[in-house]
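Chemist: From just these sequences and the hints, can you work out the full model?
If you read the sequences in order, they're chains A and B.
Going left to right, the first sequence walks through residues 33 to 219 as the working numbering numbers them.
Going left to right, the second sequence walks through residues 7 to 242 as the working numbering numbers them.
Worth flagging that the hints you see were computed from the coordinates, not collected in a lab.
Do not take every clue at face value.
Unchecked claim - Example chain B residues on the side facing chain A (calculated, C-beta under 7 Å, incomplete):
#1 ASP9
#2 THR20
#3 ARG35
#4 LEU41
#5 LEU48
#6 HIS113
#7 ARG176
#8 ILE178
#9 GLN180
#10 ILE228
Claimed, not checked - If the Cβ cut is set under 10 Å, some of the chain A residues that face chain B in the computed set are:
#11 GLY44
#12 GLN92
#13 GLY97
#14 GLN164
#15 ARG166
Beta carbons are placed, not taken as given, at the ideal position from N, Cα and C, and that holds for glycine.
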Amino acid sequence: MSLRASTSQTIGPYLRIGLEWMVIEDLAPPGVAGDRVRLEGRVVDADGKPVNDAAVEIWQANSQGKYASPEDTQAQPAEKAFRGYGRSLTDDAGAFRFRTIKPGRVPGPEGKHQAPHLTVTIFMRGLLKQLQTRIYFPDDPANADDPVLNLVPAERRATLVAKKRADGALEWNVVLQGKNETVFFDF
Amino acid sequence: MKDPAPYRRPYRGTQPDYLFPPYASTVRRAPSQPLVVLPHTLSELTAPVFGYDDIKPQDSDLTQQHPGEPLGERIVVSGRVLDENGKALPGLLIEIWQANAAGRYNHRVDQHDAPLDPNFTGAGRILTDAEGRYRFVTIRPGEYPWRNHHNAWRPAHIHFSLFGPAIVTRLITQMYFPGDPLLEYDPMFTCVPDEKARNRLVSTFDWETTMPEHALGYRFDIVLRGREATPMENRR
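Modeler: In structure tokens:
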């Protein structure tokens with residue numbers, strides 16, 4: 033059988049009604065292994081205006097590089113208390129936030145390992161389909177050889193790497209369009 | 007190790023572009039730089055799993071979430087979730103939200119001059135069963151105006167959000183109603199050139215799921231992306 037995937041439609045401005053019940057900004061309760069990460073950012077449009085009606089979702093492996101998904105058949109165990117999924121709905125400043133752990137490295141194309149990263153899916157009014165992007169970690173030596181990061185033109189790679197702030201949090205912003213536009217993937 | 011099989015890329019004309027000027031909000035929000043083609047690695051081929059701990063049985067009946075009955079016409083919305091290979095997708099989380107019968111959302115941003123209904127929130131969720139089936143009871147949402155262009159009205163619709171087996175199968179879409187005269191004027195509905203793809207967003211009246219003396223049935227099947235049959239070893 034060969035069917036065609038349903039057409040994507042915008043999430044619209046009223047996403048909170050349907051999605052707020054499962055906001056997950058703290059992914060890693062006490063006991064989950066790994067280095068703790070506080071991640072904050074903003075979503076802005078082509079005019080630099082905050083986007084106050086976006087859903088930002090992250091998906092990640094645990095600290096051992098294992099996804100809590102039946103599709104991940106690697107030997108290392110998943111952790112019961114760590115699903116690896118987060119959802120934040122932007123506020124009036126366009127801001128979103130997560131507390132999580134730094135994921136381990138996961139396999140990539142041709143058996144090479146990828147640098148630690150978070151997979152990011154973004155929905156909002158004005159997007160007829162989601163944007164797909166990634167967050168990498170600053171100063172990780174594995175970034176230099178990451179097979180996905182290396183597909184991105186060198187001058188744009190920095191848009192996928194979070195910055196470490198003086199207060200210890202990681203900052204990663206989404207610029208939808210224009211100067212310093214975030215890299216988005218055709219997925 | 008062989009690379010795992012990727013998901014199929016969309017068929018031409020069946021998925022919207024980011025920039026679609028008739029829908030005015032896309033103009034300042036669509037990316038302008040070329041997208042980078044992403045290989046489907048383990049990060050793209052996996053997705054979170056949800057279970058019965060996450061939802062409650064009454065979450066799928068939007069008419070039973072308050073002390074009183076909501077106003078409007080009760081309907082049953084049901085269907086199956088399949089992938090492009092025709093495989094039923096069990097255990098998937100579906101989230102829906104919608105306007106009330108008067109065309110008003112229970113949301114601070116919605117200032118449309120139509121009444122809120124204290125007995126209707128407009129949010130539901132369910133997990134698909136072993137055959138990929140789902141079933142919601144709700145009320146038929148009203149049409150409502152928006153400010154996209156002069157005299158713009160959204161056709162009646164229900165928002166659907168689905169998680170599939172992989173992050174790249176994540177889908178948010180809208181279900182419409184058969185025979186709605188507003189569809190042809192709606193830039194969201196007309197955002198893709200493929201007419202068949204558009205029409206798959208329109209539910210069908212379903213006599214078999216219609217409940218006698220109680221509620222009309224509408225059927226809405228959803229298809230998520232499917233995997234290529236064989237791994238493509240040299241894909242870059």
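Chemist: Does each hint fit the structure? Answer for all of them.
Modeler: Outcome of the hint check:
| no. | hint | verdict |
| --- | --- | --- |
| 1 | ASP9 | holds (6 Å) |
| 2 | THR20 | holds (6 Å) |
| 3 | ARG35 | holds (4 Å) |
| 4 | LEU41 | holds (4 Å) |
| 5 | LEU48 | holds (5 Å) |
| 6 | HIS113 | holds (5 Å) |
| 7 | ARG176 | holds (6 Å) |
| 8 | ILE178 | holds (5 Å) |
| 9 | GLN180 | holds (4 Å) |
| 10 | ILE228 | holds (5 Å) |
| 11 | GLY44 | holds (6 Å) |
| 12 | GLN92 | holds (8 Å) |
| 13 | GLY97 | holds (9 Å) |
| 14 | GLN164 | holds (7 Å) |
| 15 | ARG166 | holds (8 Å) |
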